[in-house]
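Protein chains in written order, with my numbering: chain Z, 2 to 443; chain E, 2 to 443.
Just so you know, the hints here were simulated from the structure itself, not pulled from any lab data.
There may be inaccurate statements among the hints.
Unchecked claim - List of simulated lysine-lysine pairs, DSS-like, C-alpha gap at most 30 Å:
id, chain 1, residue 1, chain 2, residue 2
1, Z, 102, Z, 26
2, E, 382, E, 393
3, Z, 93, Z, 26
4, Z, 382, Z, 411
5, Z, 102, Z, 44
6, Z, 44, E, 102
7, Z, 227, Z, 411
8, E, 102, Z, 26
9, E, 26, Z, 259
10, E, 375, E, 393
11, E, 227, E, 375
12, Z, 26, E, 127
13, E, 127, E, 102
14, Z, 411, Z, 259
15, E, 156, E, 102
16, Z, 393, Z, 417
17, E, 393, Z, 127
18, Z, 375, Z, 417
19, E, 417, E, 375
20, Z, 156, E, 156
21, E, 417, E, 393
22, Z, 393, Z, 259
23, Z, 44, E, 156
24, Z, 156, E, 26
Said to hold, decoys possible - Using C-beta positions, here's what the derived DEER-type ranges look like:
id, chain 1, residue 1, chain 2, residue 2, range
25, Z, 90, E, 243, 58 to 64 Å
26, E, 62, Z, 225, 38 to 44 Å
27, E, 389, Z, 261, 37 to 43 Å
28, Z, 355, E, 32, 55 to 61 Å
29, E, 177, Z, 392, 32 to 38 Å
30, Z, 33, E, 32, 39 to 45 Å
31, Z, 261, E, 177, 46 to 52 Å
To be verified - Coverage of chain E stretches by chain Z, computed from C-beta distances (three or more under 8 Å per stretch; other residues unrestricted):
id, stretch
32, 27 to 36
33, 117 to 127
34, 293 to 306
35, 319 to 325
Every residue gets a Cβ at the ideal spot worked out from N, C-alpha and C, and that includes glycine.
There are 2 protein chains.
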Amino acid sequence: MDNLSGNSISVGLLGCGVVGAGVAKLLAQNGDLIASRIGMEIKLAKAADINPDAVADLNLADGVYTNDAMDVINDPTIPIIVELIGGQGIAKDFVLAALNKGKTVVTANKALIAAYRDEIAEACEKSGADFLFEASVGGCMPVIKSLRESLVSNKVDSIFGILNGTCNYILTQITQEGMPFDQALAQAQELGFAEADPTLDVEGMDTVHKLALSVALAFGTRVNYKEIYVDGITRITPLDITIAAEFGYSVKLLAIAKNHGDFVEARVHPTMISHDNLLSSVGRNMNAVKIVGDAVGEMVLYGAGAGMMPTASAVVGDIVDAARNIQLGCHPRIPAFSYQPAAIRELPLMPMDELVSRYYVRFSALDRPGVLSKVSGVLAKYSISIASVHQKGRHTEGPVPIVMLTHEAKEANIRKALEEVGSLDVIAEAPMLIRIEDENQE
Amino acid sequence: MDNLSGNSISVGLLGCGVVGAGVAKLLAQNGDLIASRIGMEIKLAKAADINPDAVADLNLADGVYTNDAMDVINDPTIPIIVELIGGQGIAKDFVLAALNKGKTVVTANKALIAAYRDEIAEACEKSGADFLFEASVGGCMPVIKSLRESLVSNKVDSIFGILNGTCNYILTQITQEGMPFDQALAQAQELGFAEADPTLDVEGMDTVHKLALSVALAFGTRVNYKEIYVDGITRITPLDITIAAEFGYSVKLLAIAKNHGDFVEARVHPTMISHDNLLSSVGRNMNAVKIVGDAVGEMVLYGAGAGMMPTASAVVGDIVDAARNIQLGCHPRIPAFSYQPAAIRELPLMPMDELVSRYYVRFSALDRPGVLSKVSGVLAKYSISIASVHQKGRHTEGPVPIVMLTHEAKEANIRKALEEVGSLDVIAEAPMLIRIEDENQE
């Protein structure tokens with residue numbers, strides 16, 4: 002394959018949306034800088050998009066644009082294919098076609114990897130292709146590189162991630178401005194921090210995709226992302242966040258994974274974390290990941306988890322790794338999923354019912370005598386012991402909030418208890434539950 | 002060279018102190034885990050220390066220990082030499098000898114690299130050896146890997162680092178417990194967070210070594226570390242920290258570097274940073290580095306900056322990178338100092354006098370009428386405008402503190418002003434100065 006023409010290496014781009022355009026811009030803008038570091042030019046040889054307008058602002062040289070992705074994949078002078086189409090549809094065929102040809106694939110597509118991990122791994126194994134996906138988790142931050150390279154000697158014990166900028170922006174706005182969810186979402190959409198259809202983000206699925214991938218790399222296992230417990234942020238109210246703050250907690254959409262040796266705990270939900278926890282200071286649309294390993298202890302990475310140029314930075318970092326490997330003839334250099342294929346273990350996911358956690362529960366109660374006694378009676382029945390109660394003043398005509406923080410309890414019990422409490426005639430609406438993560442208590 | 006015996010690669014260790022012992026332990030303890038990731042065994046083939054007692058607890062196999070480092074360097078079956086002797090003395094000869102033989106060198110020795118950068122670069126260029134030093138800056142965190150790899154497409158604009166765990170521990174204790182410097186240092190020594198001779202740490206030189214290295218990798222230039230402005234933490238008092246907190250600031254020993262295009266700003270000193278700044282939440286003996294790049298924006302890495310196992314984790318990460326490169330025959334893979342040697346520019350350091358900053362100044366004044374007028378008169382003479390004044394109550398017999406926060410002023414002017422104020426007969430001791438870093442105001 003004629004990969005290296007003089008001292009340059011050719012890259013083909015599939016998808017010229019926001020991130021794709023960012024990659025083209027970054028290669029153009031900082032091409033000299035990159036060459037001064039790596040000693041060769043990264044040349045954008047072909048860029049495919051079904052929509053020619055997508056490349057209108059990119060000043061591509063003649064012949065670079067094509068509307069056919071297979072033109073790029075089949076070009077024998079292009080050893081590096083960058084997939085930035087996204088989603089679980091056509092991107093899959095392109096990625097597998099490129100890998101099957103032994104071409105290095107760089108992608109930011111967590112949804113694709115979560116769904117087709119096995120097919121991708123098999124294609125990599127057969128052809129010896131490198132598969133790089135730094136931008137798929139945590140945007141600009143080296144989460145993948147840390148798990149595959151820097152922390153290679155660590156048994157990773159746990160991962161805690163704020164992995165979705167849209168959710169973190171919305172939660173920050175609810176916290177700082179006291180605005181309700183819908184208004185915060187609308188504002189995030191206006192500012193371009195949220196998609197027109199924000200479902201994948203606010204329901205937590207985007208975070209699940211990223212967690213599944215992180216778990217695979219960290220623990221050396223396969224996870225069916227569809228089995229990971231997920232709860233989004235749509236029900237979080239300013240009231241919950243205000244009360245949480247009074248107890249010394251922030252509310253974050255957290256991806257949590259723990260390595261229990263012969264099983265894996267993985268879950269995504271709104272989580273109360275102490276103000277002492279560095280992750281509680283992560284505001285706006287920023288992301289952060291805390292990785293706990295047996296040798297490193299706690300390590301945190303913080304940065305922009307999305308956005309044109311931060312994501313492009315991660316993609317180009319991968320392109321450069323790929324270019325170095327191809328120039329030196331050393332690929333595959335690192336197993337796609339961090340472990341040797343034969344060493345990857347099948348580990349069951351812990352059923353959510355078995356979780357032991359502390360809980361914040363808010364009941365919307367009619368203001369009548371004996372309510373507290375009824376509610377706490379139900380909790381006691383399910384062996385849930387209450388650490389503190391917070392009852393808002395009786396200023397309103399309607400239902401009043403009763404908030405309880407529990408001691409450690411079993412998820413199965415708290416769910417049954419909440420169902421029973423919810424059916425009491427003094428309770429006006431379905432109770433609100435937020436899990437509390439106290440790392441120091443583990 | 003018989004590097005790969007079966008599916009293993011041999012490593013030679015020079016120096017079995019705390020970090021060296023940690024590396025031996027980590028390779029033993031997590032050897033299977035590492036092999037399951039990289040597909041080969043990392044074998045500690047030889048370990049040298051002048052003191053045989055150093056290896057007493059390491060359960061080394063027969064024939065591994067030697068008291069002669071050159072035994073290790075000259076062993077043709079060992080392609081990776083890990084230098085953990087430290088310091089600028091004999092370690093230099095060993096590192097250069099190994100590089101000159103074309104062996105990959107892994108080290109944590111920032112003092113050595115700061116002093117002998119040119120000799121090391123020359124040896125690497127001549128022999129094509131890989132030179133890896135992740136553990137030299139920020140302990141377990143991937144600072145070096147981020148600068149050399151992940152951020153390769155970024156023009157790095159600035160770096161802000163808390164790079165010395167001893168100093169950060171002491172400052173945290175002064176802040177949280179109100180203890181004076183000497184007592185906090187003694188406690189740090191008792192807990193093993195500070196050396197018996199803490200001079201390199203508390204005077205800031207260790208941080209300077211790390212900053213010089215970071216500047217070289219980030220900006221593609223050579224810096225003479227001896228020319229970097231440095232001021233340690235020995236004069237910081239609980240009073241300063243208390244007053245800073247009242248103004249909304251933490252005090253940290255910060256390494257600061259900014260890329261001004263045709264010159265470089267680099268300095269190490271106690272710095273007031275806003276409580277909004279993520280770095281202000283970095284407590285205990287932890288380290289953190291904020292890197293600002295044109296594509297990524299702000300990225301922060303946080304973790305243990307020292308200690309046996311965190312540092313060993315970074316060293317073993319490098320060993321694994323080296324092993325992968327040797328196994329695949331692809332070294333040198335990344336230029337030692339991030340840029341191609343021919344692309345490294347000579348950039349002058351900005352003279353400290355030209356710094357423009359906001360300042361915290363504390364005067365110890367005799368409690369007499371007209372003092373404030375005299376002091377502010379001197380500041381006005383040097384065009385230093387005062388943003389706020391804080392005068393502590395007159396409860397004591399002795400001198401009273403007057404604290405001023407200035408607007409932006411030139412370092413040369415503030416120094417002249419403080420000298421003049423210090424010579425006033427109403428001023429009891431040399432004024433205290435702390436620079437304020439307001440990133441948002443830049």
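Give me the numbers of the hints this structure contradicts, sorted from smallest to largest. Hints 6, 8, 11, 12, 15, 17, 20, 22, 27, 28, 31 and 33 are the ones this structure does not satisfy, whereas the remaining hints hold.
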